[in-house]
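Participant: Chains as they are written, first to last, in the numbering used here: chain U, 1 to 146; chain S, 1 to 118.
Worth double-checking, as some hints may not be accurate.
The calculated lysine-lysine pairs, modelled on DSSO-like cross-linking and capped at a C-alpha distance of 27 Å, are [claimed, not checked]:
(1) S:K79 <-> U:K53
(2) U:K120 <-> S:K27
(3) S:K27 <-> U:K5
(4) U:K78 <-> U:K53
(5) U:K107 <-> U:K120
(6) S:K27 <-> U:K4
(7) U:K78 <-> S:K117
(8) U:K120 <-> U:K53
(9) U:K3 <-> S:K27
(10) S:K79 <-> U:K78
(11) S:K117 <-> U:K120
(12) S:K117 <-> U:K107
Cβ pair distances, simulated, as ranges [claimed, not checked]:
(13) S:I6 <-> U:F82: 19 to 29 Å
(14) S:F56 <-> U:F65: 45 to 55 Å
(15) S:I22 <-> U:L139: 19 to 29 Å
Hints in this document: simulated from the structure, not taken from any laboratory. All C-beta atoms in this analysis are idealised placements derived from N, C-alpha and C, irrespective of residue type, glycine included.
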Amino acid sequence: MEKKKYDELVEKHKPHETRVQNAFIAFVTGGLVGVLGQFLVDFYSWWLHISSKDASTFMIITLIFFASLFTALGFFDKWVTFARCGLIIPITGFAHSMTSAGIEYRKEGPIYGIGSNIFKLAGSVILYGVVSAWFFGLLRLIIMGG
Amino acid sequence: MIQTYIYSFLFAGAVCLIAQIILDNTKLTAGHITSIFVVVGAFLDTFNIYDMIVNFVGAGALVPITSFGHLLTHGAMAKAADYGIVGLTMGMFDFSSSGIVVAIVFTFFFALFFRPKD
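Only chain S is shown next, with the shape it has when bound in the complex:
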């Protein structure tokens, strides 16, 4: 129980630490780094490595943006198992759609009702 919290802290912290080191020591911006991390997450899920990390670490592995790439590959592969190559396009957003929908809906309403603060 308490172990999961320690692993979550260490894993999520380590991912952010790597990102911060890249940000401070190269010319890459935060946008570059988040995009790279999504690709890394998608790659790690290709051979189920990220699944092992999630099983071991717990939610700490689901919080960083690498998890978004993992969910995309995961959804694509789940449908591809049934429908082959066409299935890759059918299930890609199966697991990550709730996050995207929530982000879009609340962003829309907050953007309507809140003014920028300077």
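Chain U extracted, bound-state conformation:
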């Protein structure tokens, strides 16, 4: 088949409303994770009598733990396929990428399998986070002196 004809055919069958639908699903799921985070902060500060700043650390730990556990149990992948950025952009996506890489490469052994691969995707987040935080921090030191 000619390339042009093929492109036309693809264009015809490409569903157009899915982009709007995807965006809507991402907005709602992402928002719900935000609400869950706020609920956990309020819950921990009420239950353990700690400041909301400490409670937010507990909240991050809780979200990471459950994202990791659900990935290990196998059904978080389906949630991510459904919600996409709604679960990838919250901290759950960070935990999901690490745990799924760890489980996928476990057959290659503890060193070259799990050890080398858990940061396959999360590593870039840490790399660019650290480099940019260092650079912007330096910028601020130079401009504002601290």
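Dock chain S against the given chain U, drawing on the hints supplied.
Facilitator: Structure of chain S alone, referenced to chain U:
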């Protein structure tokens, strides 16, 4: 009280919405977008803009990955206030270490005990 929940929903949702629009309409992958968002978060904290967002929105601003960049810059700047340019490297993980440690530890044990499901 209820306002914080509404703001959390709207802010976290909006960040995910922007990410999803970028994902669907460009050739960038999820890995590109999360990396870009971390850099954006680190940048917004440079002049304390992200702190204002967190104070206003609540935990909804701490959940997206932009918050990770904000915590890195925040830790670096906190130590830099005492030790100058060397301090940038000393405190960077002060606030985000718990998240990274938990993710590493549980990933390790789950990877040991669970098999991939196909």
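Participant: It remains to establish, for every hint, whether it holds in the given structure.
Facilitator: We went through each hint and held it up to the structure:
1. S:K79 <-> U:K53: Measuring from Cα to Cα gives roughly 18 Å; hence the hint holds.
2. U:K120 <-> S:K27: holds (20 Å)
3. S:K27 <-> U:K5: holds (23 Å)
4. U:K78 <-> U:K53: violated (32 Å)
5. U:K107 <-> U:K120: Holds, because 16 Å separates the two Cα atoms, which is no more than 27 Å.
6. S:K27 <-> U:K4: Holds - the C-alpha atoms of U:K4 and S:K27 are around 21 Å apart, at most 27 Å.
7. U:K78 <-> S:K117: This hinted pair holds, its Cα atoms lying about 12 Å apart.
8. U:K120 <-> U:K53: violated (30 Å)
9. U:K3 <-> S:K27: holds (20 Å)
10. S:K79 <-> U:K78: violated (41 Å)
11. S:K117 <-> U:K120: holds (20 Å)
12. S:K117 <-> U:K107: holds (13 Å)
13. S:I6 <-> U:F82: 19 to 29 Å: For U:F82 against S:I6, whose Cβ atoms are near 24 Å apart, the range 19 to 29 Å holds.
14. S:F56 <-> U:F65: 45 to 55 Å: violated (28 Å)
15. S:I22 <-> U:L139: 19 to 29 Å: With Cβ atoms ~25 Å apart, the hint holds.
Comparing the model with each numbered hint stated earlier shows that hints 4, 8, 10, 14 do not hold.
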